[in-house]
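Based on the sequences and whatever the hints tell you, model everything.
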Amino acid sequence: MVKTKAIMIGAGLANMASAVYLIQEAHWSGNQITFYSIDDHGSNDGDEVKYAKDDYWNKNHPTENQEGYIARGGRMLNYRTYVDLMDLLGRIPSATETGMTAAADTREFDARHRTFDKARLMQGGKGIIDGGKLGLNNKDRALLTKLILMPDDQEERLDNVTIADYFNEDPHMFQTNFWYMWETTFAFRIQSSAQELRRYMHQMIYEFTQIEHLVGVNRTRYNQYESIMLPLVNYLKDQGCNFVLNRRVTDWHFKETPLQDEITVTGLVMTNTETGEEETVDVDEQTAVIFTNGSITDSATMGDFNTPAAENMDYGAASSLWKKATEHFYNLGNPDKFFADRNASEWSSFTLTTKNHLLLNEITRITTQVPGNALNSFLSTTPITDLGQKDVNMSIVVHHQPHFTTQKPNESVIWGYFLYPRRHGEFVDKPYIKMTGKEMAEELIGQLSKVDPGPGNIMTKKADIMDSIINCIPVYMPYASALFNNRAKTDRPNVIPNHSTNLAFTGEFAEQPYQMVFTEQSAVRSGEIAAYHFAGIPMSKLVHNPRYDKDLKTLAKATKKLFS
Numbered sequence: 144m145v146k147t148k149a150i151m152i153g154a155g156l157a158n159m160a161s162a163v164y165l166i167q168e169a170h171w172s173g174n175q176i177t178f179y180s181i182d183d184h185g186s187n188d189g190d191e192v193k194y195a196k197d198d199y200w201n202k203n204h205p206t207e208n209q210e211g212y213i214a215r216g217g218r219m220l221n222y223r224t225y226v227d228l229m230d231l232l233g234r235i236p237s238a239t240e241t242g243m244t245a246a247a248d249t250r251e252f253d254a255r256h257r258t259f260d261k262a263r264l265m266q267g268g269k270g271i272i273d274g275g276k277l278g279l280n281n282k283d284r285a286l287l288t289k290l291i292l293m294p295d296d297q298e299e300r301l302d303n304v305t306i307a308d309y310f311n312e313d314p315h316m317f318q319t320n321f322w323y324m325w326e327t328t329f330a331f332r333i334q335s336s337a338q339e340l341r342r343y344m345h346q347m348i349y350e351f352t353q354i355e356h357l358v359g360v361n362r363t364r365y366n367q368y369e370s371i372m373l374p375l376v377n378y379l380k381d382q383g384c385n386f387v388l389n390r391r392v393t394d395w396h397f398k399e400t401p402l403q404d405e406i407t408v409t410g411l412v413m414t415n416t417e418t419g420e421e422e423t424v425d426v427d428e429q430t431a432v433i434f435t436n437g438s439i440t441d442s443a444t445m446g447d448f449n450t451p452a453a454e455n456m457d458y459g460a461a462s463s464l465w466k467k468a469t470e471h472f473y474n475l476g477n478p479d480k481f482f483a484d485r486n487a488s489e490w491s492s493f494t495l496t497t498k499n500h501l502l503l504n505e506i507t508r509i510t511t512q513v514p515g516n517a518l519n520s521f522l523s524t525t526p527i528t529d530l531g532q533k534d535v536n537m538s539i540v541v542h543h544q545p546h547f548t549t550q551k552p553n554e555s556v557i558w559g560y561f562l563y564p565r566r567h568g569e570f571v572d573k574p575y576i577k578m579t580g581k582e583m584a585e586e587l588i589g590q591l592s593k594v595d596p597g598p599g600n601i602m603t604k605k606a607d608i609m610d611s612i613i614n615c616i617p618v619y620m621p622y623a624s625a626l627f628n629n630r631a632k633t634d635r636p637n638v639i640p641n642h643s644t645n646l647a648f649t650g651e652f653a654e655q656p657y658q659m660v661f662t663e664q665s666a667v668r669s670g671e672i673a674a675y676h677f678a679g680i681p682m683s684k685l686v687h688n689p690r691y692d693k694d695l696k697t698l699a700k701a702t703k704k705l706f707s
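Residue numbers (the numbering used here): 144 to 707.
Possibly wrong hints are sitting among the right ones.
Said to hold, decoys possible - Using C-beta positions, here's what the derived DEER-type ranges look like: (1) Gly383 with Gln297: 44 to 54 Å; (2) Leu698 with Thr633: 24 to 34 Å; (3) Arg508 with Thr418: 46 to 56 Å; (4) Lys700 with Tyr657: 18 to 28 Å; (5) Glu422 with Gly233: 34 to 44 Å; (6) Ala631 with Thr319: 25 to 35 Å; (7) Thr450 with Pro598: 32 to 42 Å; (8) Lys703 with Gln403: 52 to 62 Å; (9) Thr511 with Pro598: 16 to 26 Å; (10) Asn281 with Thr644: 48 to 58 Å.
Unchecked claim - Derived DSS-like pairs (lysine-lysine); straight-line CA-CA distance at most 30 Å: (11) Lys700 with Lys282; (12) Lys581 with Lys604; (13) Lys632 with Lys282; (14) Lys533 with Lys282; (15) Lys551 with Lys498; (16) Lys693 with Lys276.
Hints in this document: simulated from the structure, not taken from any laboratory. We put the beta carbon where it would ideally sit given N, CA and C, even for glycine.
Written out as C-alpha cells, the structure reads:
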C-alpha cells in the first residue's frame, strides 16, 4: 500500500497540498512527484489579462489587446475552521513578503485589515438593511434547529433532499435576511443540497452569530493566486517536483482482476492541449495516482468589455475523467449529479478595473465603509424568483487595494457575481449571462443608484465612471456551484475508495466526514488524507479539526441569535 512515487492529475490546491505533505511528512524528494495538468492553479486564479492568451483564458473566444485584471472567483478564509489550510500555508514561504511564511503573511495582513461589513445587504428605497435582524419566525427557527441538531449518523436522511424540499412548508425562510446573507456568503441556492447546508450549519455555526458583519472572515494580502497558489508553486518547484502543463488526462488503463473490484491504475491517456497530440503514461506498482475529480471552473469562458462570455458545453476536463472511472467501478460516485444540471450550478462573474478611484470612492460613500473585506449584496425591489419573491440580484466584493502586485496606485479592482445568471437585469434589458463587460458595469452602477437616492447620486457620475473603466471582464462558469448540487452521500467517492490500491480522489467532489465543500479547508484536507494514506502515516496524525457544533457556548450564542 505504501508508495514511493506519485502522479498528480490536476495542479490545484488539493494536489499541491498533498505534495507538500508527502515532502515534509513522508520525507519524499520532490522529483518523486509529477503533476499533469492544464494549468498550475486550478480554481484559485488571478492574473493580468494582457498575459492571458492561452487555452485557460478561453482560446475559442480570444480577448486580444485587452488590459486590466481577472479573477474568476474570490476566496474568503476563516482561521477557526480552515485549520488544515493554515497549517499548509505555515509550511511554505510567502511569494511576496520576505521572511514570512504564507500563513504569517496572511495573518499579518488580516490583523491590520479586520473585516467589519457595515452594508452586507442593501435594498432600493431602503438603503443599508440591518442584517442583524435575521427576520426568522418560529417555523424558520424550528426547522433550522432541527437541521443543526441532526446527528452525524442520521445525515443520510437528507440524501437527495434540496433546501427547497426541506423548507417546503416554510417559504418564508427564503424571504429572511438570514437567507439572503447565507446564500450569498456561501453561494447556496434553494435547489442546493440540504445535506450540504446541514454541514455548513455545523461547521460554521459560530458565523451564524456574526454573519451580518462577516467579522469571522479573513482575507489574503493579494488575490488567491499570488497569496496561496504562487507560494505553493514556488516551493514545489524548488523541491524538484515535475510540472507537466497543458495536459488534459482523458482516459484510464486499469488492471484487470478476476472479481473486477480491485482499483489499480496502470496507465493514463492524455492530450497535449497545445499540439493536440495524444500520449500514454505508464503507472507502475510503486506509484500513487492522486486525482482531483472535479473543478468548479472547468469549462469557464471569458468575454470582454464589448462581448459576453460564450457558453462552453464541455462536461468538464476533470469530471469527464471521473465519469470514465465510474464506467469501470461501481463505488466511485455519480458525476452527473454535479455536472449534468447547469441550472443548479451556473454563475456569471465579472472583474472590473478602473484607472482612477472614482467608482471606489462612490461605493465607499454609499456603503459607509473603506475598501477591503466587504461583501455587498443588492436586493431586488421587485419580485424576481419563480415564486414571485424578491431575492438578491448581484453581489460585489471591494477588495483592499492593491489586489494584484502589479496594480498601479491609481487603479482599482472590484469583483462581483450573479448567482442566478439567467435572471434579467434591472438596468440592462437582458439576462446577466448575455451581458458584455460594459453592460455588467452599467448594471452595477444602476444597482448602486437604487440605494443612493437624492441629488448628486452615483447616476450623475455614470459617464465619468464609465470613462474610468480600463476593462470589465465577464466570466461564465457553468459549474461554479456544482459542489452544492442536490445529491446523496454516496454520489461523491471517498478520498480512498474501497478496494483501491493506488488511486485517491481529492478536492471538493471527494467525500470526507464532516467537511463542508467550497472551501480551501476541505481541498487541503483531502490532499492531506491521500498523502498520509500512501505514505503509511497514521490518520491520527492529521491536523486536528475543531467541532464548534459541539461547543456549548457557541450553541448558546447561536440560539440567542435565532431570536434576533
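Now the hints, each set against the structure:
A C-beta distance of roughly 47 Å is found between Gly383 and Gln297, which places it inside the suggested range of 44 to 54 Å. For the hinted restraint 24 to 34 Å between Leu698 and Thr633, the CB-CB distance of approximately 30 Å keeps it satisfied. Our hint of 46 to 56 Å for Arg508 and Thr418 holds, since their Cβ atoms are close to 52 Å apart. At roughly 21 Å, the beta-carbon separation of Lys700 and Tyr657 lies within the given 18 to 28 Å, and the hint holds.
A hinted range of 34 to 44 Å holds for the C-beta pair Glu422 and Gly233, which are about 37 Å apart. The hinted range of 25 to 35 Å is satisfied by Ala631 and Thr319, whose Cβ atoms lie roughly 28 Å apart. Between Thr450 and Pro598 the C-beta distance comes to about 36 Å, which sits within the given range of 32 to 42 Å. Separated by about 55 Å at the C-beta atoms, Lys703 and Gln403 satisfy the suggested range of 52 to 62 Å.
The hinted window of 16 to 26 Å between Thr511 and Pro598 holds, with their beta carbons roughly 19 Å apart. One distance hint, 48 to 58 Å for the beta-carbon pair Asn281 and Thr644, holds here, with the actual separation near 54 Å. Distance restraint check for Lys700 and Lys282: the Cα-Cα separation of roughly 19 Å lies within the 30 Å cut-off, and the hinted pair is therefore satisfied. A distance of roughly 16 Å separates the Cα atoms of Lys581 and Lys604; the hinted pair therefore holds under the 30 Å criterion.
Straight-line distance between C-alpha atoms of Lys632 and Lys282 comes to about 27 Å, which keeps the hinted pair within the 30 Å bound. For the hint pairing Lys533 with Lys282, the CA-to-CA distance comes to about 20 Å; that is within 30 Å, so the pair holds. As the CA atoms of Lys551 and Lys498 are separated by approximately 9 Å, the hinted pair is consistent with the 30 Å bound. At most 30 Å may separate the alpha-carbon atoms for a hinted pair to count; Lys693 and Lys276 meet this at roughly 25 Å.
When held up to the earlier numbered hints, the structure conflicts with none and fits them all.
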